[in-house]
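Protein chains in written order, with this note's numbering: chain L, 27 to 312; chain P, 27 to 312; chain A, 27 to 312; chain G, 27 to 312.
These are calculated hints, taken from the structure and not from any lab test. Small disclaimer: the values here were computed from a predicted structure and weren't measured. A few of these clues could be false.
Same chains, same label: a pair holds when it works inside one copy or across any pair of copies.
[Said to hold, decoys possible] As a list, the in silico DSS-like pairs of lysine-lysine whose alpha-carbon atoms are at most 30 Å apart:
#	residue 1	residue 2
1	189	89
2	124	84
3	176	124
4	188	231
5	173	291
6	156	89
7	89	124
8	231	176
9	84	231
10	231	89
Protein chains: 4
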Amino acid sequence: MPAADTATLLIHCPDRPGLVHDVTGFISSHQGNIIDLQQHIDPAENAFFMRLEWNLEKFTLEKEEIFARLQPMARRHEMQVRLHFASQRKRVALFVTKENHCLYDLLARHEAGELPVDIPLIVANHETLKPAAERFGIPFYHFPITKDNKAAQEAAQIELLKKERIDTVVLARYMQIISPAMIEAFPNQILNIHHSFLPAFVGAKPYHQAHVRGVKIIGATSHYVTADLDEGPIIHQDVMCVSHEDSVQDLVRLGRDLEKTVLAKALWWHVRDQVLVYQNKTVVFD
Amino acid sequence: MPAADTATLLIHCPDRPGLVHDVTGFISSHQGNIIDLQQHIDPAENAFFMRLEWNLEKFTLEKEEIFARLQPMARRHEMQVRLHFASQRKRVALFVTKENHCLYDLLARHEAGELPVDIPLIVANHETLKPAAERFGIPFYHFPITKDNKAAQEAAQIELLKKERIDTVVLARYMQIISPAMIEAFPNQILNIHHSFLPAFVGAKPYHQAHVRGVKIIGATSHYVTADLDEGPIIHQDVMCVSHEDSVQDLVRLGRDLEKTVLAKALWWHVRDQVLVYQNKTVVFD
Amino acid sequence: MPAADTATLLIHCPDRPGLVHDVTGFISSHQGNIIDLQQHIDPAENAFFMRLEWNLEKFTLEKEEIFARLQPMARRHEMQVRLHFASQRKRVALFVTKENHCLYDLLARHEAGELPVDIPLIVANHETLKPAAERFGIPFYHFPITKDNKAAQEAAQIELLKKERIDTVVLARYMQIISPAMIEAFPNQILNIHHSFLPAFVGAKPYHQAHVRGVKIIGATSHYVTADLDEGPIIHQDVMCVSHEDSVQDLVRLGRDLEKTVLAKALWWHVRDQVLVYQNKTVVFD
Amino acid sequence: MPAADTATLLIHCPDRPGLVHDVTGFISSHQGNIIDLQQHIDPAENAFFMRLEWNLEKFTLEKEEIFARLQPMARRHEMQVRLHFASQRKRVALFVTKENHCLYDLLARHEAGELPVDIPLIVANHETLKPAAERFGIPFYHFPITKDNKAAQEAAQIELLKKERIDTVVLARYMQIISPAMIEAFPNQILNIHHSFLPAFVGAKPYHQAHVRGVKIIGATSHYVTADLDEGPIIHQDVMCVSHEDSVQDLVRLGRDLEKTVLAKALWWHVRDQVLVYQNKTVVFD
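Chain L with its partners taken away, still in its complex shape (with noise of 0.2 Å):
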């Protein structure tokens, strides 16, 4: 027996009384229960910020119909309103250059079914993993680059990810700087994982700058990529203790352990659409 197909409403707006009792009268009207329901404000900014689940097992809506239904309610409140479907799967693009383990490890979980997504196709600019994929049957996309072709090879990959329908594009240890264009094609849907506890060693090499300066405890961040390198929101970090013993390579080795599963769990939040981003922050309704 599967389980029921659910919608998730996504709110962000002004706070005022009311709200929550509005929304819910909108579920309660068309017989949608009410699976999980959590809600914020942010009194510094006077923002309000909801998620719901319903089930839509009796629900009176079609769902094509209900973004359109809620939008008189969306503009008495000024709300801005995101709406998914849990049977509508994301389109997820892996994006990696030689290092398996995040590849692997998002793949071993695809495979036993823990995450709710297709995986059309791996995208690299090495082609170091090409076996890993075509071991998962998963098509594997190379595209070199290099300074000259970086332009053509990022609107070939934009193509690409459009014509496959992708919805969310992971870099997964992708080690190349992502250009504005697939920024903008892809606003808040592309994660990365970097390698050190943002703010904390931005840009190259963060395992070294920690070595250099003896830091006791390194960590991995997901954010979801923006123009501005590394600074874009925070979706989840992770930490682990080290010690004047571990040398560089050993910092890397650890690391690796943080980076696959920091990434996987934004991912996981992600594709179930319990992240909501406002004013380069994440609100995770966990």
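The hints should help you fit chains P, A and G onto chain L, whose structure is shown.
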């Protein structure tokens, strides 16, 4: 300028459509503005849980009449309802024996204004910490306990607590088993800190047990006291890594840091009415 | 340029003055340069533990004669001595059932060159993961197990392991109890991953047990397998926070991340000869 | 029965064969029994680090002559040597401003016998915590600081510290920048607690910075004070998870628990002579 008073509702009932809409309708209809709403459903139990906090500034009902006015809705939905006001600070009694760390930690938080409670008294079965109580100007009551006088002393303790209108009893490393009479007098209002990661190492000398077993992590657990020793609903737990180099004495020393922060956090949630007990488990709205 | 070969000594014996001086004298007198030395004393047991790793580049003894030449000193101090060479990669057999996460995690680490071992074979009691083994080109042996054939199948497994000169058996979510014959054949060489924070939730379905108890933290434990189920020496443990919102299925999903990293870390220490077993506990030299 | 006195050597020098054998030979030849020996090599720097603690009970040298007798070996190997005795308790001055949490935490540990130090005095630039000092019977010195009097007040502080034979200065949330004169007077003996995970959020108001950036984890860092603000050698760090729901005030409140435990742990290692500074980093022998 003092913060405006707020009211908090804690509700649980069988799940059915429209619950959130009904409750928020009650608030809206009396001009309350919701500050925080968290709702949780346990599908396996078909149980609905909600915490709702609203601003009383423009609320059109008097505090005294709110609970009565909620009753028709509560009966309709078979709701169990708790109502609290931020302005009614809980009155907390601290129970101690000889160890000072939890006591000083709570008193320092209280003095810094971090804990929104009154602490009218400290109860102890030894006189060791009397100077600590005196330093902070809090009345100290010494109830030496033997096998013979235990029932009588506990009766006297209950009488004292009732006379001082105590809401919450905190066993801050109180090395006595609480008898059923007191548990019944303060249901889900007695917080204990157990010095292990429950349910591992129930009972006496958990650090010794941990050392014998050779665990690599130790923990502390704060729970409500019930008739079953160390079996009450868990409010909070935390852990730290240890190694073969740590003796039992090291575990005792290191564990104190866990004990005091875990107990303080559990108390923080308790006094802010963020904890709901259900089937010997807690729902912590955080 | 390959790293020079190193030798590692693991010693335990009754504590007495001069032990470190004696052992380091042996190394110095043959022109060995110590890379790492860790020593630990358990005063309660008057027990001495040491791990010493040295560079063999200029060492004046042949590898084959080192162990024999150590014997006089070992006898003098009643030492238990283990000697390993980094160049002798351990041969590891992975035992699996149906879940893929630990298997893929170890295979990906191996492919990336992170784990300095050979993996000559995978043993399974179901065929589910045969494709995974095939993708990585590792021979897969299927031993279906029933009550009736269990003893015979285990005997066949032991024979296979001996034939393939296996040093280390990793139960990577292998859902069968290992019988005494195999445990005796591989003393302190069989690593298991148990999906709880032992000694909490010994036995079957630990996540269900954890959910019923309402713990706020779940864990995973890697230990050597002994005749007492889930009672062997603990090598590594880790935990993560959970909440009332997590169903049993959530705990299972979240726990997989613990299981794979805890098992991989325990195996890392094991294959680098950093683990010494003593009185059903481990000394982990890290 | 008091524990026997022990001596601790902290050594660093260029790495070469035979160092451990030489040093342990010195101990053995005078009938010392080694309790703890940890040794670390940084291959990239060819640097050798060692901490060695031995029992003085049967040692045949007087304490006063040990250091001189070590010199020939120290010169031979270009060793930097520190020698400490457990019986010579460090004398610690606590510097505070207005916040009480680190102060009470350290005083409670001291009263419980956990911290093997003397605390002859508390220095403050405000009078807020004078009652706290008085409660614990510790002399409180008030040095109000303005731009104009800062140099003179620090000179007076140094004089006071010298007069009281202070070894270690602990900045327990002391909200003043320490000037070079004091840093030179107490090299690697002034511990600070910075309320961020350094090097993120250097300087003022780190919790505000963290809130603006939207990090999901906050931290605290204890380090030795050097001439570069927040750039000194890191001794210890710890972190905790936060979320979008946490206001700046929540971060401040939550962070206090990190600050007090991180500072206390760093001080614990410092007073037990477990910390060695090298190239603006620490080797912590734990």
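Status of the hints after comparison with the structure:
1. For the homomeric pair residue 189 and residue 89, the shortest alpha-carbon distance inside one copy (25 Å) is at most 30 Å, but the shortest distance between copies (60 Å) is not.
2. Proximity of residue 124 to residue 84 under the C-alpha cut-off of 30 Å is found in neither arrangement, the shortest distances being 48 Å within a copy and 37 Å between copies.
3. Proximity of residue 176 and residue 124 under a CA criterion of 30 Å is satisfied intra-copy only: 18 Å inside one chain copy versus 43 Å between copies.
4. In the homo-oligomer, the alpha carbons of residue 188 and residue 231 never lie at most 30 Å apart, since the shortest distance is 32 Å inside one protomer and 44 Å across protomers.
5. For the homomeric pair residue 173 and residue 291, neither the shortest alpha-carbon distance inside one copy (33 Å) nor that between copies (40 Å) is at most 30 Å.
6. Neither within a single protomer nor between protomers do residue 156 and residue 89 lie at most 30 Å apart by alpha-carbon distance, with minima of 39 Å and 41 Å respectively.
7. Neither within a single protomer nor between protomers do residue 89 and residue 124 lie at most 30 Å apart by alpha-carbon distance, with minima of 42 Å and 37 Å respectively.
8. Proximity of residue 231 and residue 176 under a CA criterion of 30 Å is satisfied intra-copy only: 22 Å inside one chain copy versus 41 Å between copies.
9. Taking the closest pair of Cα atoms, residue 84 and residue 231 never come within 30 Å of each other, the shortest separation being 53 Å inside a single copy and 35 Å across copies.
10. In the homo-oligomer, the alpha carbons of residue 231 and residue 89 never lie at most 30 Å apart, since the shortest distance is 47 Å inside one protomer and 39 Å across protomers.
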